[in-house]
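> Chains as they are written, first to last, in the working numbering: chain A, 660 to 1091; chain B, 660 to 1091.
Derived by calculation from the structure, the hints in this document are not laboratory data. Treat the numbers as computed from the prediction; the structure is a model and nothing was measured. This list has only true hints and no planted wrong ones.
Given that identical chains are not distinguished, each listed pair holds provided it fits within a single copy or across any two copies.
When the alpha-carbon atoms are kept at most 25 Å apart in a straight line, the in silico DMTMM-like pairs for lysine to aspartate or glutamate are as follows:
(1) Lys668 with Asp720
(2) Lys665 with Glu678
(3) Lys690 with Glu680
(4) Lys766 with Asp739
(5) Lys665 with Asp720
(6) Lys1036 with Glu967
(7) Lys1056 with Asp915
(8) Lys690 with Glu1045
(9) Lys1036 with Asp754
(10) Lys766 with Glu678
(11) Lys966 with Glu709
(12) Lys668 with Glu986
(13) Lys690 with Glu1016
(14) Lys966 with Asp739
(15) Lys1046 with Asp672
(16) Lys766 with Asp672
2 protein chains.
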Amino acid sequence: MLIEPKILKGFRDFLPAAETERRRVRAVLEKTFEGFGFAPIDTPVLEYTEVLLGKGGGETDKQLYRFRDNGDRDVAMRFDLTVPFARFMAAHFHDLYLPFKRYHIAKVFRGENSQKGRYREFTQCDFDSVGTDCAGADFEILLLMRQSFVNLGIQNLRIHLSHRGVFNRALRRLGAENLCVDILRAVDKIKKTGEGEVRACLGALCGDAAAQTILDFIRAEETNARTLAKITRLAGGEDEDTRRLALILGWMRAMDIEASFFLDPSITRGLDYYTGIVYETFLTDLPGIGSVCSGGRYNDLASLYTKEKLPGVGSSIGLDRLLAALEELGQTAAGRRSPTQVLVFCTSENDFARYHEAARILREAGLNAEVYPEARKQANQFAFAEKKGIPLGLFVKPGAGENSLSLRDLRSRETVEALSPLQAAAEIKRRL
Amino acid sequence: MLIEPKILKGFRDFLPAAETERRRVRAVLEKTFEGFGFAPIDTPVLEYTEVLLGKGGGETDKQLYRFRDNGDRDVAMRFDLTVPFARFMAAHFHDLYLPFKRYHIAKVFRGENSQKGRYREFTQCDFDSVGTDCAGADFEILLLMRQSFVNLGIQNLRIHLSHRGVFNRALRRLGAENLCVDILRAVDKIKKTGEGEVRACLGALCGDAAAQTILDFIRAEETNARTLAKITRLAGGEDEDTRRLALILGWMRAMDIEASFFLDPSITRGLDYYTGIVYETFLTDLPGIGSVCSGGRYNDLASLYTKEKLPGVGSSIGLDRLLAALEELGQTAAGRRSPTQVLVFCTSENDFARYHEAARILREAGLNAEVYPEARKQANQFAFAEKKGIPLGLFVKPGAGENSLSLRDLRSRETVEALSPLQAAAEIKRRL
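Next comes chain A alone, as it looks inside the complex (with noise of 0.2 Å):
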């Protein structure tokens, strides 16, 4: 009796065309981050449950793949990349310079509802700075999600930034700080329920009067300068918090790209843990697909693990969310169904070392080249290229002559013939 081959629900294959599409993704943002000296590290998809749920509790706790292992302990796959990156720092700490810069691209398991386009496995991008609470690591973090989606070829974006610590300060003049956690869960969803309900929230916390003022504060105004006179004045005036907001739009002016950065005061990340800046990511021409790249600066990542104090910046992104964005945006990588580039036809097995000789050198210049492994009729052998999406042919002529090869591309089926192996590589490369 068969097994039927079938997959848990919430969790996905990938074949060819996906998953070069997601390497070549991959590649560009690891390239990005390399680039501005992030190094790669990588840690267990299995880790002790104590150990990944911390003080534990709530949502996490239900999401989790949590059983006990051969040897009766409680372990569970981890469900996000900042908890194992906290252990990994508590761990290691002595052993790295800083201020430590990685990132971190690997799976992650929630066992949630599966709504559409959400995933039990799915794959997340981290990226941080860690053991300086500087202004500088926070303008870099900025500086790397805007150039990870421009070097991803998304021009249009505008990462929304505010600051918690401007924002906790407006709260205590208004007596309100015992009620921030609160507050910010009411303000976090302004954008999805509308001012409306977000003023009856408010006010039903801290009084008509105070709401109002918060609901001031969140608003931005026509320009970043202007939002941040008003939320200094909200926040009872200048301080490093305000100031450290002033240096960094100050830079993003120097550099020219302020235009990709909106001071937005409702932005506030809902977590407890964020203590400075906090960040969101939206395409303009995908508003509805929501934030697409988030994260902030905290001032203590493994406290649960260590007594050192480890301040830092990080941001996430979603490969999946990313993913089906480029798709709509119409910026993937579209046709290179194969990583073939040439298919070498097999007419004789009595030439076949040939064909794999004139694949080699073409290997050697850079190409990806395939040679058909046995000598069926050239028709199922273009019908093979073609399933494939393999877009020139090469045949070797037999005989032992100089320039026996002839090169077809199977799009506009044009021929060239005659060509040495390094000719045909150079036609090859014009041609792709």
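Starting from the known structure of chain A, arrange chain B on it as the hints suggest.
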């Protein structure tokens, strides 16, 4: 109270130097695989236990990370890449072209006793060609195995190959075919236990005369041609299998690579699964490490899941063992401890945008350039560059003049003054 930042036995963190080297080796393999037209795929880490275990039983069962998920499904983490590939082919062969050549580089999980150098989470690199039973596909896998090591800088390797069909025919002639599995297991141990023990074991199984014939069969002769002649004779003469071996050896000779291949009839690969050629790869300079790449031909990949007959040939490299081998051979990319090629020093926050502008131009020239994020003492910045392993430093002079850069080689302590950004890029490339 702090949580100890420990990880599970048999699992590892990869710090930047190790992870960078892993990625370099992966990239070489991926480029080699794609050069031969093998396309990447991916499958889930977690699958239904029923799908992964198939007929199940035996060792695999005990090593499995198996549990019930939140929906009470019986699930398990993949323990190899072959079973998921079989399930993948059964599910998708309608949407694929045949022969289908794929590679898959991914982590697998086995909860076995972790001896020295054995991990519970490790990375396999599998490549298979499925949907054809032809000599050309066998030859291509062998070529690709060889080329993978050559591209990693390893020339001194020998791929030992044999043919299970020829061996089985020799056993049938001895009337010992029903003992095939036990005989295969006994022969498989000859490199570890020596001929004496195998002779005793075979004698007990099928008598002293048959044992002698089997020992004659599995002994390699001085040349591949002589070995082929002998096993052909002991199997009862030429047939399709011996003709295929002759064809493959002939193609190797024509491509002048026969020295990398060694017809070794003692190679059996133990598993019942293989039906045609089988092979293991040994590094001449590291005989003790065992096979670094092995596999063979099977006549039906996905029979557990589909009636579609899918013959194929494939091979697998254990990335962790390969990395250990490369390190012992001194074939690592030594000295590349960090992605950063040049550190832009930060002297004054007023010039911070200029530092990033210089870094941006260097990145556009293909270099990895990071800016130190704050205006700390130069001694601190030099110490940071030293610890991170950054070879070059760039200083941007105050004031907005042209040619305001000076480049310092942090290894030789030489300095080149008065460079434009493009001149600096050229000088950096010259020195790397």
